[in-house]
Amino acid sequence: MAYDLKNEDDVKQYVQNLGTEYRFGCFNEKKPEVCHLLGDFLESISKDYQKASKVYRSNCDDYNFPKSCYKTGTYHLSGKGGVEVNGTKAFNYYEKGCNLGDSDSCFRAGWLSILNAKKKGESKQFLKNPNTFLQGVKCLTRGCEKNQAEACHHLSSLYMDGNTVEGDALQKDMEQAFSFALKACELGQVHACANVSLMYKRGEGVDKDEKKSEVYRRIALDKIGEANAPQITFQEGLKPA
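Sequential numbering of the sequence shown, starting at 3, is according to the numbering used here.
Accuracy of the hints is not assured; some may be wrong.
As the list claims (entries may be wrong) - Simulated pairs of lysine to aspartate or glutamate, EDC-like, Cα-Cα distance not exceeding 20 Å:
(1) K120 <-> E168
(2) K210 <-> E228
(3) K82 <-> D50
(4) K140 <-> D175
(5) K203 <-> E216
(6) K120 <-> D50
(7) K53 <-> E31
(8) K56 <-> D42
(9) K33 <-> E45
(10) K225 <-> E188
(11) K140 <-> E177
(12) K82 <-> D42
(13) K210 <-> E168
(14) K33 <-> D63
(15) K140 <-> E168
(16) K203 <-> E177
(17) K203 <-> D224
(18) K53 <-> E86
(19) K33 <-> E23
(20) K33 <-> D64
(21) K32 <-> D63
(22) K32 <-> D64
(23) K214 <-> E188
(24) K148 <-> D163
(25) K174 <-> D209
Worth flagging that the hints you see were computed from the coordinates, not collected in a lab. Since the model is a prediction, treat every value here as computed from it, not as a measurement.
Take these sequences, add in the hints, and give me the full structure.
Shown next as structure tokens:
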């Protein structure tokens, strides 16, 4: 059947049929990729976040679909749709998604673990059984290896500063910082491009090169223009996603 997507009634019918197809593919044919699409449909089109969260969770628990694990972690992190806000559950779902190959899950698992490690000693910890700081670094590294730009950028920031948390030490290493910043920039992370420019200018982690510094400064400015991004801060540290 052909739909006229300029016609309101046809659009409504198309959306209704799409939801029906997703439900059949998920519940009858038990296709994990379709179940995830159903979750996206419920979340984005129907705005039924409770049902969406249930579909995502089931698709992660029962079918090990990594993107659904990521979405379930995000629901537990935000409390969206009335889901229990629980940092440990969020981390566990992100970690599972990471183990199943999802780069965004690796980034979130690493970010949560490092953020929690830095807060260790406070009266309330977000993760009841926090992983160590270096395990968080490992998750970020896995994310970066899978070309997750934010994971590479955060790793660069960590190596740029050097960190020690409860006995877990990450030595300052500007060569590593530059390598991760360069990869993050190549993946489109604007702040990383600014850092690469500054590191070339100062000769930190790489040979000093004014021409390359200017090249990456222009790349950063161009990316800001493209995304209409706010003013950036050079060598910014780890920030929540």
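Hints, one by one, checked against the model:
1. K120 <-> E168: OK: K120 and E168 at ~9 Å, within 20 Å.
2. K210 <-> E228: Violated: K210 and E228 sit about 28 Å apart, past 20 Å.
3. K82 <-> D50: 10 Å, holds
4. K140 <-> D175: 16 Å, holds
5. K203 <-> E216: Judged against 20 Å, a Cα distance of about 8 Å means the pair holds.
6. K120 <-> D50: Measuring from Cα to Cα gives roughly 35 Å; hence the hint is violated.
7. K53 <-> E31: 19 Å, holds
8. K56 <-> D42: Distance of about 12 Å is within 20 Å: holds.
9. K33 <-> E45: OK: K33 and E45 at ~18 Å, within 20 Å.
10. K225 <-> E188: 11 Å, holds
11. K140 <-> E177: 18 Å, holds
12. K82 <-> D42: 14 Å, holds
13. K210 <-> E168: 35 Å, violated
14. K33 <-> D63: Given pair K33, D63 holds - Cα atoms ~14 Å apart, limit 20 Å.
15. K140 <-> E168: 17 Å, holds
16. K203 <-> E177: 14 Å, holds
17. K203 <-> D224: This hinted pair holds, its Cα atoms lying about 18 Å apart.
18. K53 <-> E86: 14 Å, holds
19. K33 <-> E23: 12 Å, holds
20. K33 <-> D64: 11 Å, holds
21. K32 <-> D63: Holds. K32 to D63 sits at ~13 Å (cutoff 20 Å).
22. K32 <-> D64: Holds. K32 to D64 sits at ~10 Å (cutoff 20 Å).
23. K214 <-> E188: 14 Å, holds
24. K148 <-> D163: Distance ~23 Å between K148 and D163 Cα, so the pair is violated.
25. K174 <-> D209: Cα-Cα ~17 Å, so holds.
Hint compliance for this structure: hints 2, 6, 13, 24 are not met, and every other hint is.
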